[in-house]
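Protein chains in written order, with my numbering: chain A, 3 to 453; chain B, -4 to 503.
Note that these hints are calculated values from the structure, not bench results. Check the hints yourself; a few may be wrong.
[Unchecked claim] Cross-link-like lysine-lysine pairs, in silico, DSSO-like; alpha carbons within 27 Å at most: (1) Lys323(A) <-> Lys151(B); (2) Lys285(B) <-> Lys151(B); (3) Lys436(B) <-> Lys425(B); (4) Lys174(A) <-> Lys285(B); (5) Lys151(B) <-> Lys155(A); (6) Lys373(A) <-> Lys450(A); (7) Lys174(A) <-> Lys323(A); (8) Lys425(A) <-> Lys450(A); (9) Lys323(A) <-> Lys155(A); (10) Lys465(B) <-> Lys323(A); (11) Lys425(A) <-> Lys373(A); (12) Lys285(B) <-> Lys311(B); (13) Lys311(B) <-> Lys151(B); (14) Lys174(A) <-> Lys151(B); (15) Lys174(A) <-> Lys311(B); (16) Lys155(A) <-> Lys199(A); (17) Lys199(A) <-> Lys174(A).
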Amino acid sequence: MSYVPHTERERRDMLAAIGVDRMEDLFADVPAQVRFPELNLPPALPEPDLLREMQAQAARNFPVDPARSFLGAGVYHHFRPATVDYVLSRGEFYTSYTQYQPEVSQGMLQALFEYQSMICRLTGMEVSSASHYNGATAMAEAVLLALNAAHGKRSKVVMSPAVHPAYREVLKTYLRGMPAAVVAGDEDGTADTTRLKSLIDEDTAALVIQNPNFFGQWEPATELAEAIHRAGGLFIVVADPISLGLFRPPGAYGADVVAAEGQSLGIPPSFGGPHLGIFATRMAHVRRLSGHLVGETVDADGRRGYVLTLATREQHIRRAKATSNICTNSALCALGAAVYLTTMGTRGLRQIAELCYQKSHYAAAEIDRLKGFAINPQAPARPFFKEFVVRLPAPAAEINARLREQHGIIGGYDLGDDYPHLKDHMLIAVTELNTRAGIDQLVRTLGKAAT
Amino acid sequence: MRDEIATVYELSVPGRAGIGLPASDVPATDLPADEVRADCGLPELSQLDVVRHYVALSQRNFGVDSGFYPLGSCTMKFNPKVNEAIAGIPGFAATHPLQPAETVQGNLVLMFELQQWLAEIGGFAGVSLQPCAGAHGEFAGLLMMRAYHHERGDFKRTRVLIPDSAHGTNPASTTMAGFTAVEVPSNGRGNIDLEAVRAACNDTLAGIMMTNPNTLGLFEERIGEVVQLVSDCGGLVYGDGANMNAVVGVVRPGDLGFDVMHFNLHKTFATPHGGGGPGSGPVGVSARLKDFLPGPVVEMARDPDGPRYRLAMPAKSIGRVSPFLGNFGMFVRAYAYIRQHGAAGLRANSEHAVLNANYLRVRLHDTFTVPFERVNMHEFVCRGAIEGTEVRALDVSKRLLDYGFHPPTNYFPLIVPEALMIEPTETETKPTLDAFVEAMKAIAKEAHADPALVRAAPHRTPVRRLDEVKAARELVLSDRTAPSLPGTARASPAPSARKSGRDARGPR
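Here chain B stands alone, though its shape is the one from the complex (with noise of 0.2 Å):
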């Protein structure tokens, strides 16, 4: 299990081929000589060596099928497998983004369905599905909150509050929309200082991005005066909906007047999250963004024959943000997650995600402090260092990975030190969670017992800890042994010397 596992090129032999393709079958045509490239340096492979290498490789990764994943604001909840077959039926899997209206009826069904769910899930008047991951939902749900004050002949408004417990992509996303992000600080209970929100509120406020519940779990209690407050100065309230899987089923973002709000369907409605993707963002707004949303977006027309479905621009859209029609294979999945689970099973699912979250809470709060104690929602926060030891919270992060669990987040929010932040979702058994706060109270006991063991963690995974300085020193971005091609500089140093760790050492 500790081998290095050999790259493709490094297993790759020239001449060896990994598949057989047919001869042409229509009368040969030159090659335009100029064009031509001598070798695309590509590896070659038999294909039992390539079906091994990937599962090797898969054999050295942690997914939610493999193991509780507690990754906090990540929401890694079961991926339905059914939900995969479905996406594969050829009938949606084969269809071609640019084909006619009339040859696509079900995919735009599909669609107008989904755009119709998540409306009312989020309590908004209108959905586009453009948006490819969360992150380009905040981009798009910013575009469009500049585009809303520039219609009105409103250019003053260049300001978008953040609070200093959000997501990085809420900052980045403001800069690259074109506003500058103020950060807003959190108060004594883990909220927004209402009192920060006021004194930022003046005429060159585009608006206020929150999370809620917010990032350490909590749910913001003065939630009606924030938005009040910003709205009252002409400002746009943007949800940032990564959180949104402890509240479907009991609060509408658009009932506590959010403007606008992406959802994450590889969190909330459990499309997988591919070892970091493809996500799908889609963007929930009020009645007075409609008409800005990303397009296309699905209409239904009214035929004497019944309805017909096709694609249209929103009147005063910010545009596209995708090339065609945003991640339909995620839609697939989301869309038949949400019909298995029909309005009941969605609320009990954000419910037992806030049962499993405060069971796991309560179980650890004596060996974890819990700054902001409260009633959490789908996640909480605790600090991961152990007091009167020199173990930090990534060591017991990495000691986890000894009892076979994937860490929590660490170290964010940025406003706890220390942080662990621990999101279990509703798709765990309590044996698994109890077995999660055994391992965890464990390793406190390890933390004084014997901390070097914990500082040294982890030592049962295929590597050990990983020299990340190095990395970025030396950057090494792409395989030193891949041949260099004519007319192409070589990235990395050539391969030195470097004695093979896989020859030193042999199997261990």
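So here's chain A without its partners, still in its complex pose (with noise of 0.2 Å):
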């Protein structure tokens, strides 16, 4: 199946138009000796056959229940309002593209605006990006702004070793290719202010962390605000959204940069993506700023209006001297987050991180209380928000194994991976998805698995 319209009688009317015979004609500046391979293709299977293979394919993974899952470490299972996929499968949205025409791309251009808006009140800050690619590629391009702001005088990055592990990882492959480097404190599995603020010096563009961190937990962040100020660098902090529907926003604190991942703000898991890189600074960097940026304006009659604004600062017109080289986003899920930010309003979105806080306090006191299982025994004084570590008394992969295979549970993320002196650490996401009885069934399991 192929959805080419033509007909026999169509195409031999538009060849003759052209002037040449055949189809293969209008291919004649391909060498013939690579021209028309035959491809090594699976045979083509029309509609209902698809179909059917795809939810074969997909039968093949484990079933996963939110309510009983607890995997988080970046990407989490929330509820998703039925507004939300109303909305995004409306074609009118999600088969356009880039506002390029502004006069027919008003919807998208208002929505992008709104999303702004709300990005800006959400982490309280000034201006807001139209969107990146995910959290980790939008903290990435925060720590180039910061770079960039210094205009090559500072070279060295200040990274906590709570900010999540593969986000330190890509911003790494970032910048291979850049005189930049990144010092991290100890892996220690907790940001030891001491030693992060010790890093801070006069070549230091930037000092990052994530709060709540990757253990769930709040950083000093006033404290490391201070200190990266005092050496004249920006301070960027990777942040949950959802947390900040009940908890300070990074602009109270001094956030110079805020990035985050706003998959929680009604975007499915979809194994990684794709997800929403929020981006959100201070308007005294947005000509630094990267990505698209949606600004109000009027029309020839003076109606209120929207276009994308500053691209002078992008690569179709900056071209190598543009501050980033991204140019699709991820509009749609910003289409999403906004109308799922709509639907929740202050007080829903508030209630949401509410329960979050609640049953992951429930889910942590209960297993505290388990004999040979310890909660945030690197930092056990510290507040947490949805996350905490739990030391186990077996490894963490054949805890999880039995949970999966016994009660269909999904376990927590398996911390020896990324930090060596946590083997036999788990992280636990527990989000208002988790139901009483699903905390407990897994509690339960938990205890059998220790003896």
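Assemble the dimeric complex from its two separately framed chains, guided by the hints.
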């Protein structure tokens, strides 16, 4: 099956109009010895067969029940209001492209403008991009902004080891071609504040922290903000947008750039993507911001309207001197997040954040009572949001296999992979979708696993 | 239709709720008082208001589903609806990227096969699905080129040749990867100037970025010689796969000697453009770059019970460019698309994309000059200014909106003044193409008969031409009617006594 609509007669007429006899004649410029290769691909499938095969393919995956999944570490099972998919399924939105013709793109432009507005309020920042690929690339672009803001005079980036390991890896890749170095605090599982502060100097372009950090705990952010600002660098904070419904935004404690993964805002986990890179900063940096930006203006009749603005930062105008190479972004996910935030409203998002907080604390308290387990053993006094570290009496992989095989539970993230000293520790995430019954089942099974 | 649409903040009424949520079913824990905020500043709307708002916005947006969208170099083809249904299957959409491999074999098989198929289609030795967009793939490709040279102890190679017709992402990616972009001119036939390439080839050359067919829609006639020149001086050849829709099943870039190329799944393989994204930009590479691919990639291991699939980092990988596995939701759609078409169907797509573009060219070239005219591939570039009038390409584009068509790409490539870059794609019917031709010809006539009409277009859209200078000067980037929150500086000037267009004018 192909979606080519031409009839034989139309094809003939069109070839005649062009002045060639056969389709093949259109490809005379292609070197003959490599023209029209036989491609070894499976045979074509009609739609009903395709659907059946793809359903079978999906069924080869373990069926995930979000109420019984405790895996987070940067991607979360959260409630998705039906309004989100309803709006995202509108072809006028999802089959459009970047808003180069604003007169017929006002819908997406206004939605993105409203997204920017809501992200500014949520993060406490002054300007938000219209989206990046995901939280990790948004963080990498934030670091590029900081290096750029230092006009090449600062080449060091101080990174908390409690920033998501995969984000740090992406940053490392992004900086491969740049004269910049990342220095990290000790990989001790918590960002030792004194150690991090001691790494900051006059050559430091930015300090990057995650808050709540990869382990779910709050950092002494105000203190760290003061330290980096005293040295003249920028404070970059990786945030959890759900937490911002209830807790202080990075803008309130001195962040210069906020990067965040927006997947929690109505976007399915989808095996890691597509997700949404949230990127917000202060107006002082607007000309260094990367990615599309929507601005309000008026039309020829003075009627309010929206356009992509400050295009002179972007690759299609500035080419080699652009702030970034980003063009295609994650606009549809930004639209999804906007619908999510509009549906939730101030009180809805607060309630979701409270549920995450309450349920995760219930789960942590119950697990803490089990013999052989300990909660956040490296930093027991630090408050946490929706994730916490559990020290286990057995290897995480063994425990997770038992949880899954016996009770269909997806257990937590094995921290030993990224932090060697956290062997036999897992990171457990609890959201509003985890039921008390599911949590109790987890606790019971963990208790048995210890014996 | 011409009313302003109130923003979500203008619609907000404190106390309204869009959703009902459950009460907590666990004992309460005190919140850390120092960390709690009073208000997160979101609007409050009823659910019906939310739905009506976004439906109203969608009605002001033009997609492929709305009408003909010949935006050159973007491949705005039909996005099959079944692919959306497939991507939404919970067995795919609810999987978490950090689940153990044994729980996601369905996903890993799919990724493995997609890697294989893209390698087959492109003529490559390996593929990584990590990059999230074309530019992201370019960046990954350039980093691989860099790593390849450095691994050989060759640190002199700092220059990358880029034709003057290239997409802006090429030089921008080159800079990000730590190289210097060197522009190469095009010749009188719209090909890259071979002599200029020859002159630039020396031991400081890291490689060249070629878009083939190029952005004029022309297949590089001397591509073999370009590849040879660059390879002979130790450089690598990067292929920008943005125009791959012209040549699937027609020629494999790997067979032409390309070392690395990104695919745009959102162009060639019909995953939706999403209003600007998400896309997906897998990279394919020749054998000598395979170990440098960004990872993880999916590998197959043969077990006694059958094949098992797992994630692995290539031996000399440049690392991750995505935190997890790339835009998996797009892989599902592209996989379904390839599966539905088979080899013959994919080739037929490219052939008809080229047929449609050539048909439009011959029907339009008497009215709109086509520089570098010869048989083109999936798109072509003409001059949009109407001679003897003040009507420019931009005016023609805006007037097309009144005829119900999305305009072509304007003012690109930069080497053609007043460029209109037209890419019809294979999924458009002859009657649609004919209607577009008639509209273009009618506009050319209007340009002489009533130039003011064309210069002031569009007239039938929800808004008329927008003041981009004002937008860039005033930088209102966030809704001024939204509440300002404690601890947050206000980005934009406070709402003035701006007369609301909606109230002042009423519906039209």
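Hint check results:
no. : hint                    : verdict
1   : Lys323(A) <-> Lys151(B) : 22 Å, holds
2   : Lys285(B) <-> Lys151(B) : 22 Å, holds
3   : Lys436(B) <-> Lys425(B) : 16 Å, holds
4   : Lys174(A) <-> Lys285(B) : 20 Å, holds
5   : Lys151(B) <-> Lys155(A) : 24 Å, holds
6   : Lys373(A) <-> Lys450(A) : 10 Å, holds
7   : Lys174(A) <-> Lys323(A) : 22 Å, holds
8   : Lys425(A) <-> Lys450(A) : 20 Å, holds
9   : Lys323(A) <-> Lys155(A) : 18 Å, holds
10  : Lys465(B) <-> Lys323(A) : 24 Å, holds
11  : Lys425(A) <-> Lys373(A) : 18 Å, holds
12  : Lys285(B) <-> Lys311(B) : 9 Å, holds
13  : Lys311(B) <-> Lys151(B) : 20 Å, holds
14  : Lys174(A) <-> Lys151(B) : 22 Å, holds
15  : Lys174(A) <-> Lys311(B) : 14 Å, holds
16  : Lys155(A) <-> Lys199(A) : 20 Å, holds
17  : Lys199(A) <-> Lys174(A) : 21 Å, holds
Violated hints are absent here; each numbered hint is respected by the structure.
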